[in-house]
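Enquirer: As given, the protein sequences belong to chains V and A, one line each in that order. Residues in the first sequence are numbered from 1 upward in steps of one, following the numbering used here. Residues in the second sequence are numbered from 1001 upward in steps of one, following the numbering used here.
It is possible that part of the hints are untrue.
With a straight-line cut-off of 25 Å between C-alpha atoms, the simulated DSS-like cross-links for lysine-lysine are [as the list claims (entries may be wrong)]: (1) Lys1067/A - Lys71/V; (2) Lys105/V - Lys1056/A; (3) Lys1056/A - Lys71/V; (4) Lys11/V - Lys1036/A; (5) Lys57/V - Lys105/V.
What follows is a set of in silico ranges between Cβ atoms, one per label pair, in the way DEER data are often shown [claimed, not checked]: (6) Thr1025/A - Leu117/V: 11 to 21 Å; (7) Glu44/V - Asp1058/A: 20 to 30 Å; (8) Arg15/V - Gln1057/A: 14 to 24 Å; (9) Gln84/V - Thr1030/A: 36 to 46 Å; (10) Glu83/V - Asp1078/A: 38 to 48 Å; (11) Gln1080/A - Gly3/V: 22 to 32 Å; (12) Gly1015/A - Ser62/V: 39 to 49 Å; (13) Lys57/V - Arg1075/A: 29 to 39 Å; (14) Gln84/V - Gly1082/A: 29 to 39 Å; (15) Glu1014/A - Glu52/V: 43 to 53 Å.
FYI, nobody ran anything at the bench for these hints, they're computed from the structure. Cβ coordinates follow ideal geometry from the N, Cα and C atoms, glycine included.
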Amino acid sequence: DTGVSQNPRHKITKRGQNVTFRCDPISEHNRLYWYRQTLGQGPEFLTYFQNEAQLEKSRLLSDRFSAERPKGSFSTLEIQRTEQGDSAMYLCASSLDRDTPAGEKLFFGSGTQLSVL
Amino acid sequence: GEDVEQSLFLSVREGDSSVINCTYTDSSSTYLYWYKQEPGAGLQLLTYIFSNMDMKQDQRLTVLLNKKDKHLSLRIADTQTGDSAIYFCAEKGGGSYIPTFGRGTSLIVHP
């Protein structure tokens, strides 16, 4: 399967704990995105990587959130000191790094559902 | 900031056509997208249209773009129960790599 892979699919944690999610993009895709989706809402942008460089971050990304893509392949999103308001689906997407129509298609993973108790 | 607005629900009878509407505010939008999300799953790209086009057809899907009114629609012909899902409109402005999504329209197809 060459789609975007996210792990874990579900994570339940207690408030105050740290959690880390992983995203493996499609292998030839240089662009990687993290979005957050809460019930009844559309995906909200969190951060964007081109290769290993984190080029854009949303103001939604508080200082408790950090994302990395150390070798330009997989990415991790860590949330420190989780709060109940962090409960959401965290979606990862990837796309080609080309200024052509092919590079405009984002492919999404199935997401990691986080529940903070 | 940029906004993308969609109606929240649409109910249609199986076999009828569905039309899902979307409006956006960013006049520099270059690409507009329709994604489908089934329960518990990620988003699946259905189709997209470049801003210099006004229509795109792909099998049962027809996308219409009115750039002057910043209005995008997705028509699904011969809607089936398997089309029941949430449909998201998204736009990407010129010079940005980041699509902005609407809240989604929940399509319910009943027999």
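Enquirer: Determine for every hint whether it applies to the structure shown.
Expert: Evaluated hints:
Using a Cα cut-off of 25 Å, the hinted pair Lys1067/A and Lys71/V is violated, with the two alpha carbons roughly 40 Å apart. Restraint check for Lys105/V and Lys1056/A: satisfied, since their Cα atoms lie roughly 16 Å apart, inside the 25 Å limit. Between Lys1056/A and Lys71/V the CA atoms are separated by roughly 38 Å; this puts the pair beyond 25 Å, and the hint is violated. Restraint check: the Cα-Cα separation between Lys11/V and Lys1036/A comes to about 24 Å, which is no more than 25 Å; the hinted pair holds.
Proposed proximity of Lys57/V and Lys105/V is supported: the alpha carbons are some 20 Å apart, at most 25 Å. For Thr1025/A and Leu117/V, the hinted distance range of 11 to 21 Å is not satisfied, since their beta carbons lie about 38 Å from each other. About 28 Å separates the C-beta atoms of Glu44/V and Asp1058/A, a value consistent with the hinted range of 20 to 30 Å. Distance hint check for Arg15/V and Gln1057/A: the Cβ-Cβ separation is about 50 Å, which falls outside the suggested range of 14 to 24 Å.
The hinted range of 36 to 46 Å is satisfied by Gln84/V and Thr1030/A, whose Cβ atoms lie roughly 38 Å apart. For Glu83/V paired with Asp1078/A, a C-beta distance near 46 Å keeps the hint of 38 to 48 Å intact. Hint check: Gln1080/A to Gly3/V, Cβ distance near 24 Å, so the stated range 22 to 32 Å holds. Checking the proposed 39 to 49 Å range against Gly1015/A and Ser62/V shows it holds: the Cβ atoms sit about 48 Å from each other.
Here the CB-CB span from Lys57/V to Arg1075/A is close to 37 Å, well matched to the stated 29 to 39 Å. Between Gln84/V and Gly1082/A the Cβ separation comes to about 35 Å, which falls inside the hinted range of 29 to 39 Å. A hinted range of 43 to 53 Å holds for the C-beta pair Glu1014/A and Glu52/V, which are about 48 Å apart.
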